[in-house]
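Top line first, the protein sequences correspond to chains A and B. Quick note on numbering: the first sequence equals residues 1 to 695 in the working numbering. Quick note on numbering: the second sequence equals residues 1 to 695 in the working numbering.
The set of hints was computed from the structure by calculation and includes no laboratory data. Errors might be hidden in some of the hints.
Chain copies aren't distinguished; within one or between two, either way the pair holds.
[To be verified] Result set (SDA-like, lysine to any residue): computed pairs, CA atoms no more than 20 angstroms apart in a straight line: (1) 69 / 275; (2) 535 / 214; (3) 31 / 366; (4) 309 / 652; (5) 434 / 499; (6) 628 / 682; (7) 69 / 650; (8) 565 / 27; (9) 31 / 122; (10) 31 / 401; (11) 535 / 645; (12) 309 / 54; (13) 565 / 291; (14) 55 / 148; (15) 69 / 566.
There are 2 protein chains.
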Amino acid sequence: MLDDGKPLSGLDAVFRPRSVAVIGASDTETKIGGTPLSYLRTLGYTGRIIPINPKAPEIQGLPAYPNIKDAPGPVDLAIIAVPASLAVQALQDCADAGVKGVVMFSSGFAEVSEEGAANQARMHEIARASGLRLMGPNCLGFMNIEERVFATFAPVVGAGVAPKGRIGLVSQSGAFGGFAFSVARERGIGLSYWITTGNEADLGFSESVEWLASDPGTDVIVGYMEGCRDGDGLRRALDACRRAGKPLIVCKVGKTEAGAKAAASHTAALAGEDAVFDGVFRQYNVVRADSIEECLDIAYAASIAGLPKGPRVGLYTVSGGAGVLMADMAEARGLTVPEFSRETQDKVLAMVPFAGTRNPLDITGQVSQIPGASRTALGLMAADGACDTIVSFISAAGLGPAGMEMAGDIAHVRAARPEVMQVVATLPSPAFRKAVEAAGVPVFEDPNRAVNAVAALARIARGFAASGDGTGDTPAPLTVPADCTEPLALAALGERGLPVVDFRHVRTAAEAGQAAEEIGGPVVVKIVSPDIGHKSDIGGVELNLTGRAAVEAAGDRILTAARTKAPGARLDGLMVAPMRRGVAECVIGVQRDPTFGPVVMFGLGGVHVEALRDVVFRAAPFGEAEAKAMIHQVRAIRLLTHPRGSDPADIDALASLLAQVSRIAAASPGLESADMNPVLALTDGAVILDALLIG
Amino acid sequence: MLDDGKPLSGLDAVFRPRSVAVIGASDTETKIGGTPLSYLRTLGYTGRIIPINPKAPEIQGLPAYPNIKDAPGPVDLAIIAVPASLAVQALQDCADAGVKGVVMFSSGFAEVSEEGAANQARMHEIARASGLRLMGPNCLGFMNIEERVFATFAPVVGAGVAPKGRIGLVSQSGAFGGFAFSVARERGIGLSYWITTGNEADLGFSESVEWLASDPGTDVIVGYMEGCRDGDGLRRALDACRRAGKPLIVCKVGKTEAGAKAAASHTAALAGEDAVFDGVFRQYNVVRADSIEECLDIAYAASIAGLPKGPRVGLYTVSGGAGVLMADMAEARGLTVPEFSRETQDKVLAMVPFAGTRNPLDITGQVSQIPGASRTALGLMAADGACDTIVSFISAAGLGPAGMEMAGDIAHVRAARPEVMQVVATLPSPAFRKAVEAAGVPVFEDPNRAVNAVAALARIARGFAASGDGTGDTPAPLTVPADCTEPLALAALGERGLPVVDFRHVRTAAEAGQAAEEIGGPVVVKIVSPDIGHKSDIGGVELNLTGRAAVEAAGDRILTAARTKAPGARLDGLMVAPMRRGVAECVIGVQRDPTFGPVVMFGLGGVHVEALRDVVFRAAPFGEAEAKAMIHQVRAIRLLTHPRGSDPADIDALASLLAQVSRIAAASPGLESADMNPVLALTDGAVILDALLIG
């Protein structure tokens, strides 16, 4: 992968070439070097096509040349379809000939052996040295549907090409990409580009996505990911999509948590790789889909209808049951189903006396007997202002003549009220599908899949609207003190302006008693040592102590316990701090993720972190709005928002603390990990009660 | 609804009539009285068809009669398709004429007005008095696909009939049923019966399901439910499906929790209607689907393939990516993906060197170059013994000639190893679909939908295998003591053999001190009063008291606080009990559900019940195995199975306690509700620390 900070350079020549050479071209159309030539010749590519083959003067009726260096004129793109043993030389020939882009189908590199990996590294060097861009090796290539560049040997193209559309698809798996292409074709879903990245010796998933974010012919991007070796590049790509306002729907496999992982801290042990990916996707408003079908559902809806203005959905139905079913799913997926105005409801009732009118609007089977009722009802719904999207369920009507009338009604209302997105659920005839899609209205065969797609787009839209959440100024890096103890850690965080508990660090039990008296009220006393991780386990913590005498006695017990139970540990006195009570204990952690670098974790304390793994992650840095979203993502959020016997926690203060921690984490390469556990959420503010920093 | 304990009586005449009369028959085939006549005439019904119309001697070419009473010979089934004003009389005429079953399309009854409801009640009486069975009113009727009984005016039939198959469908919504029928027809999914129940004046959802459970032509049942007025009937139907080994897949709408509900106890307030339905469905191994599509997916798979022997799935794939995607979903849905034996893996590798062999078995694109590889690999997987089901993903191959070869391989292995269920995911041609379905292998276009269906069937299969979980002897009813206090409640439960804490009930603070000394160790002291619900709120509880003096002082404080803060309350002394520590606090509740009668709730204590609503329900009574399933259903189960700093909780003891509570609840009509909160889960046993009984 290129990491020279110049992404996208040279990619136009790859993806929109004016000339394509095929190295290893064959007369046999089913061979790996024959298929792309055949596709390019027969499926409408209008640029120059140059077969390269040392043994034949003509291939598939076109003049052929023995080597790319013999080819006439400049060559934008070369497809290399030769065995692995010849591929490196072929790439060098391309570089020498001034070819700008190469797609390499050849396999037998990093995916099979160390020797192969070494050859692949050679190819990376050739690309870097010459400036050409390389897709593959071991990939199925790509297609530019509009300009008919079929730089692929994917057999699925033989069965037909997906229609031209505005969805770009990037897949790290060729087979997955081929299947998704077939599904799109069979469903009539239009694509702009189809890209498979294979071994990613140069051009990878992230850069391909970033390029599509800049492509004017692409409105929506679908990605299939197995892994990522370049977190920065991925974040740059996700940010490009967000800035371009283009929804990105990703199918990322491998949800199983990475098993035994060397854990320098509590936080690190909890960070399953997948949880971090999940957090980063949320951070950039990427929708993560569970299946190919769901990917295409959401992308299709966005490519036809764009994004809704908000989460409010109006449900039009000819079946009360289907209406409730859609309402259930809408609410489960985070949409709202607001009631229409009394005026709207009365107008509908005046027309259809037994209609359900609150929302869902159940027009009932009577609609077929009242001319114009569906158009009027849809128009009233759109004009009401209560909803950002209308989902219409018209049962199987889309198959027959009544459906075509409804398609006209839908198109009419869509044109009259363009601010209201529309989706329709029915079994559609091809004519119905064509009519509603032309009006900007996607059609789904299942009403719940329609609602699910709308919900995904509403989440994206809300994320896009909320972004621009600044991360603030970059702080100076935090240096973890040598032999860092809890007091040193708290002091270091306190110096950065983070709210830490007002503690005293003392040397003796007697000084502890004195400190307690100064603090007033019940206190906690803890052992201080850079060598003792779990202080409670050795009797190194006593809680809720009141009075000088009790504190002194506790201090003596703690020091004795430490000497007895942790005989090798260096001791550095005692820490005394007031017992604080708040709404709930939280945990904030920092760790360096192998892919994304510094990431921040948040969770509720105690069993919620330990046993229930109710924790969420984001890549640092991030702003307050993202921090708030992060807090609201924990399953046990009600313990902060609806605590028993207390006012709600000050979420703003917690969010501010999280965002500050993220800025410090991002700015501090020397900070390996941090645990702030617990952080006490208060009704007014938040305070760090304990901290562990590892450099 | 009939509640005379004679379900199913007379239903053969309704569902398999030898003669059908249409009252309100019309020559116009699109009219409500013309459509069923036309369907019956033209779609292959072989029994007698008798139009009834007072104005015409012949309808649609058949001799017509002015009244059902004039019709010749016995009439099994009459369809009533007249306006509401004539419907009651028409029903009476049917009763008088000895008709055995009636399907009434007419609307305008309980769904529109009180007068309509009164007329509907009249119809119920006519049915009861005469013994005829009534479907409807306000329904779309039914279809018996095999015997071509189209007793419906559903327009969807006009577009074509779903193939004959082994799925019975029952819907409380006609429009929903019509849509599901259309989807089944378009997907080529075979049905046995299609039944819509409308207003359910007599025959309802439950009895229809129960009848299908007894129908030899039906293997799988799909239900669409909006509500249920007869919990006993529903449980009888669910039990009939379970005993017949027929999977039931239900789409039950209305997941929103019933809002403000008069709550006599803590448990009652938590019981959203939907949570109780959910518990009952789990109890009877009913799969609850979120959408029509999911209902049909699961039912289709079961109707073609039956049920798997267990949850272990082998994944065959031509795409590594799709393999991981399927594995992710399999694990997320409760299936296991075990590794194949070394021997199996070696044999596959010998054939396809770069195959992934652990599971998923990624045969790679090379499979197309190695004759017989797919058949051999599938055969090895099936013979290995590691999996109960094989899901094969073959990308878009099902559309082409390679797919037909694969279909042959699949069928061959299915026949050779019938104990291993198979499902295939691909885009299928009609010929491919036909070939694999004939071999007992369902085909899905999306691999994740295939895995989801297998997971649902594995859950059902496990439930069926585990049932027969006896509920034990019926205990004598529990009578709630008058003015029931905590000591009375604990004593009553203790007398029933339930494990309750060893408490003392005393009159004075001095006696409390004495009791504490007898108990030994730290104790809890509480106020006793039938009038004080939340004892802690008025200072009526003190915890962790050691020594006679401390207990006496606490007793004084508590009595004073009660007199001051609950001045009107009747006081009945104090309760002293040992402080017990265990693995985790749980809550067990009982309440009377309006639909299902006595239901039992289980949850982890504290925030898990209060704020997080992590509670589960079952209808009483149930056995230990069901209780164990219930306990494992709570999200926070790890607090019992993986507690920090303790051995796991004794789940068997908790389950035994839950099952005992359920038996008592079922046997005690005088028990309105009960809260056992907390119940302490121990490493050995469980103990009830506090109880509230309401009679």
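Against the structure, the hints come out as follows:
1. 69 / 275: Classified as neither: same-chain Cα gap 49 angstroms, cross-chain 72 angstroms, threshold 20 angstroms.
2. 535 / 214: neither (54 angstroms within a copy, 66 angstroms between copies)
3. 31 / 366: Intra 60 angstroms, inter 13 angstroms, cutoff 20 angstroms: inter-copy only.
4. 309 / 652: Neither way: residue 309 and residue 652 sit 26 angstroms apart in one copy and 53 angstroms across, limit 20 angstroms.
5. 434 / 499: neither (60 angstroms within a copy, 69 angstroms between copies)
6. 628 / 682: Answer is within: at 15 angstroms inside a copy they meet the 20 angstroms cutoff, but 39 angstroms across does not.
7. 69 / 650: neither (69 angstroms within a copy, 77 angstroms between copies)
8. 565 / 27: neither (80 angstroms within a copy, 97 angstroms between copies)
9. 31 / 122: neither (26 angstroms within a copy, 77 angstroms between copies)
10. 31 / 401: For residue 31 and residue 401, only the inter-copy Cα distance (18 angstroms) is at most 20 angstroms; the intra-copy one is 47 angstroms.
11. 535 / 645: For residue 535 and residue 645, only the inter-copy Cα distance (15 angstroms) is at most 20 angstroms; the intra-copy one is 31 angstroms.
12. 309 / 54: Neither, since 59 angstroms and 58 angstroms both go past 20 angstroms.
13. 565 / 291: For residue 565 and residue 291, neither the intra-copy (53 angstroms) nor the inter-copy (60 angstroms) Cα distance is at most 20 angstroms.
14. 55 / 148: neither (28 angstroms within a copy, 68 angstroms between copies)
15. 69 / 566: neither (73 angstroms within a copy, 99 angstroms between copies)
Figure legend: structure checked against the earlier numbered hints; hints not met, in rising order: 1, 2, 4, 5, 7, 8, 9, 12, 13, 14, 15.
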